[in-house]
Amino acid sequence: MSELERLYREAPKLKSPAHLDKNILQSAQDAARVSTGLRIDEDKRQALFSWKPGLALASLCTVGIGIGIAMHAGTRNSAPSAGNFDVVQLEPVASRREEAELSVAANQTLDLPEVAGDAAMARLSEVTTPTMELSVAEVTDEAVAVMRESDTVTLADQAAVLSRRDAKATDSDAMGGELVEEILAERLSDREVSMQVPRQMRKQSANAEGADALAARAIAQRESRSVQRKSATGQADVNRWLLVQNSTHYSIQIAVKNTESALDSVAEKFNHRTEKVIAADTQWVLLHGSFNQRQQAEEALIVILNDAEKDDSLIEIAPKIVRIGEMQNLLK
Amino acid sequence: MGDVSKQAIRVTLFGFPRSLKATSDAKLLHAYADGDTAAFNELYSRHKDGLFTFTSRLLAQTAAAEEITQDVWMAVIDQAAKFEPGAAVFRTWLYRIASNKVADFYRRKVNQRTDELDTKNEQFIANQPDVEDLVLFDQLLGALAELPEEQRVTFVLQQEGFTYAEIAEITGVGAETVKSRLRYAKSATQDRMELKA
Numbered sequence: 001m002s003e004l005e006r007l008y009r010e011a012p013k014l015k016s017p018a019h020l021d022k023n024i025l026q027s028a029q030d031a032a033r034v035s036t037g038l039r040i041d042e043d044k045r046q047a048l049f050s051w052k053p054g055l056a057l058a059s060l061c062t063v064g065i066g067i068g069i070a071m072h073a074g075t076r077n078s079a080p081s082a083g084n085f086d087v088v089q090l091e092p093v094a095s096r097r098e099e100a101e102l103s104v105a106a107n108q109t110l111d112l113p114e115v116a117g118d119a120a121m122a123r124l125s126e127v128t129t130p131t132m133e134l135s136v137a138e139v140t141d142e143a144v145a146v147m148r149e150s151d152t153v154t155l156a157d158q159a160a161v162l163s164r165r166d167a168k169a170t171d172s173d174a175m176g177g178e179l180v181e182e183i184l185a186e187r188l189s190d191r192e193v194s195m196q197v198p199r200q201m202r203k204q205s206a207n208a209e210g211a212d213a214l215a216a217r218a219i220a221q222r223e224s225r226s227v228q229r230k231s232a233t234g235q236a237d238v239n240r241w242l243l244v245q246n247s248t249h250y251s252i253q254i255a256v257k258n259t260e261s262a263l264d265s266v267a268e269k270f271n272h273r274t275e276k277v278i279a280a281d282t283q284w285v286l287l288h289g290s291f292n293q294r295q296q297a298e299e300a301l302i303v304i305l306n307d308a309e310k311d312d313s314l315i316e317i318a319p320k321i322v323r324i325g326e327m328q329n330l331l332k
Numbered sequence: 333m334g335d336v337s338k339q340a341i342r343v344t345l346f347g348f349p350r351s352l353k354a355t356s357d358a359k360l361l362h363a364y365a366d367g368d369t370a371a372f373n374e375l376y377s378r379h380k381d382g383l384f385t386f387t388s389r390l391l392a393q394t395a396a397a398e399e400i401t402q403d404v405w406m407a408v409i410d411q412a413a414k415f416e417p418g419a420a421v422f423r424t425w426l427y428r429i430a431s432n433k434v435a436d437f438y439r440r441k442v443n444q445r446t447d448e449l450d451t452k453n454e455q456f457i458a459n460q461p462d463v464e465d466l467v468l469f470d471q472l473l474g475a476l477a478e479l480p481e482e483q484r485v486t487f488v489l490q491q492e493g494f495t496y497a498e499i500a501e502i503t504g505v506g507a508e509t510v511k512s513r514l515r516y517a518k519s520a521t522q523d524r525m526e527l528k529a
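If you read the sequences in order, they're chains A and B. FYI, this note's numbering numbers position 42 of the first sequence as 42, with every residue one higher than the one before it. FYI, this note's numbering numbers position 100 of the second sequence as 432, with every residue one higher than the one before it.
With the rest of the complex left out, here is chain A (with noise of 0.2 Å):
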């Protein structure tokens, strides 16, 4: 070892200095507080994303006869059926728009391509799925009473169920600013046991009402809807922008009630994240975004419905994550 080794290493090493530890130290409990503030997001993302395919399936088997005999009785053509968020011109006015409204929800967004004649209603049936999901937090005891004449839904399942609504409903009346996240996490959960449940049909088998009820408020529906339409800014504008984004980025489409704070509450938070945001004018709001990745799509999913779950009255259908490739392929 040369001298001026041995100078150097002979030298005692410094010590670093206290405040510095202190801040370092304190930085990583920050950021591990978040971190995992982050996994529990990916948890209740996971959570929300994954069903328990027995329940969910038997609760789809189960309603889905009934809504084969409700549109069988409430229309006259085997009408196609819009999906959640699917697309849907409504200009102009035609015998099958008017099919189509009336065999789809009365809460259905309703948004077709410009080009809406028989081939693309066509394809719009065969790309949609006439389900919607809901949370068990928002079962209705009609919904239960379908589940409960269901063979295919076991009695375990059931319970589990119930027990769920009802610890929802005691956690509700206890709620104080501590336990939200613990009940933001158990709403999130409910959503793994989630039914797809057409709303019309829940709608219907629930209130027992029969197809000429069901027809009647659907035209009421579509003769409000038709009002609104008039002050509508939106549905070319919608198809305009889907075609020129990159087919292979996603999309978030969430609907929400069509009230200005509603709106305003979710467009504040897509904006932030998004290239677009744009609101139909239909009863329901549908907004786009444009992501990169699904996992972005998925990030921003989730500071939604984290805030969503705050106020239950913002989202009124469960939001999904298409390609918008798959949305452009409506349009074509």
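Calculated directly from the structure, the hints in this document are not laboratory data. You may find that some hints are simply not true.
As the list claims (entries may be wrong) - With the C-beta cut set under 8 Å, the calculated list includes, among others, these residues of chain B facing chain A:
1) K353
2) S356
3) F372
4) Y376
5) D381
6) S388
7) T401
8) M406
9) Y438
10) F469
11) Q491
12) Y516
13) K518
14) T521
15) Q522
Every residue gets a Cβ at the ideal spot worked out from N, C-alpha and C, and that includes glycine.
Since chain A is already given, all that's left is putting chain B on it; use the hints.
Just chain B now, with coordinates in the frame of chain A:
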């Protein structure tokens, strides 16, 4: 409770590591990435003084050394989840980050003179009663400060105990280049110290 803490409980039954003290750097970092702050505290305590000494002697300015040291640890915190034990030894990874930060610092301060030296600091003085060594060490720091950055980093890394291969990994050059830089660094430092003496 993080993975390491759980592991510590589990392995106690078999007579293996009983605490964080007996856990590798990589596992501590992994545990921290999973939210175990105790693991980070242990990791930090292992390397904090060495890293601070390293940055201090490279930068020769206490304030800058503190700033860079903090930046390095922030990078560790940010990138904890991305660290791959198979790709690097933690200590090598840590000093590579530090080395890069120091290089960035010098790039920013390329025109700044080195007459701000103050790292002959009180701690050294307090612990080193030998006045002759104190003077020599002061000269050494001054001579180091005048070396080209890559030679200074290479020299200090070697004095901190890294092998040629590790220094090569940290600085991103070949082992032969490391040896060459060391040779020049020592030669130039000795020359300068003799001149000043």
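For each hint, the structure was consulted:
With its C-beta approaching chain A no nearer than about 17 Å, K353 (chain B) sits outside the 8 Å limit, and its interface hint is violated. Given hint, S356 (chain B) at the interface with chain A, is violated; its Cβ is 18 Å from that chain's nearest Cβ, farther than 8 Å. Hint status for F372 (chain B) relative to chain A: holds, with the closest Cβ pair at about 5 Å, below 8 Å. The criterion of a C-beta within 8 Å of any C-beta in chain A is met by Y376 (chain B), whose closest approach is roughly 6 Å, and the hint holds.
Interface restraint check: D381 (chain B) against chain A, minimum CB-CB distance 5 Å, threshold 8 Å, status holds. Taking 8 Å as the C-beta contact cut-off toward chain A, the hint placing S388 (chain B) at the interface holds, the least distance being around 5 Å. The closest approach between the C-beta of T401 (chain B) and any C-beta of chain A is roughly 6 Å, which is under the 8 Å cut-off, so the hint is satisfied. With a least beta-carbon distance of about 6 Å to chain A, the hint placing M406 (chain B) at the interface is held under the 8 Å criterion.
With a cut of 8 Å, the hint placing Y438 (chain B) at the interface with chain A is violated, because the nearest CB-to-CB distance is about 20 Å. Using the Cβ-Cβ criterion of 8 Å, the hint placing F469 (chain B) at the interface with chain A is satisfied: the shortest such distance is roughly 5 Å. A hinted interface residue such as Q491 (chain B) counts as satisfied when its beta carbon comes closer than 8 Å to some beta carbon of chain A; here the least separation is about 4 Å, so the hint holds. Checking Y516 (chain B) against chain A: minimum C-beta separation of about 13 Å lies over 8 Å; hint violated.
Hint on K518 (chain B) holds. Least Cβ distance to chain A is approximately 6 Å, under the 8 Å limit. This hint holds: T521 (chain B) has a C-beta 6 Å from the nearest C-beta of chain A, less than the 8 Å allowed. The criterion of a C-beta within 8 Å of any C-beta in chain A is met by Q522 (chain B), whose closest approach is roughly 6 Å, and the hint holds.
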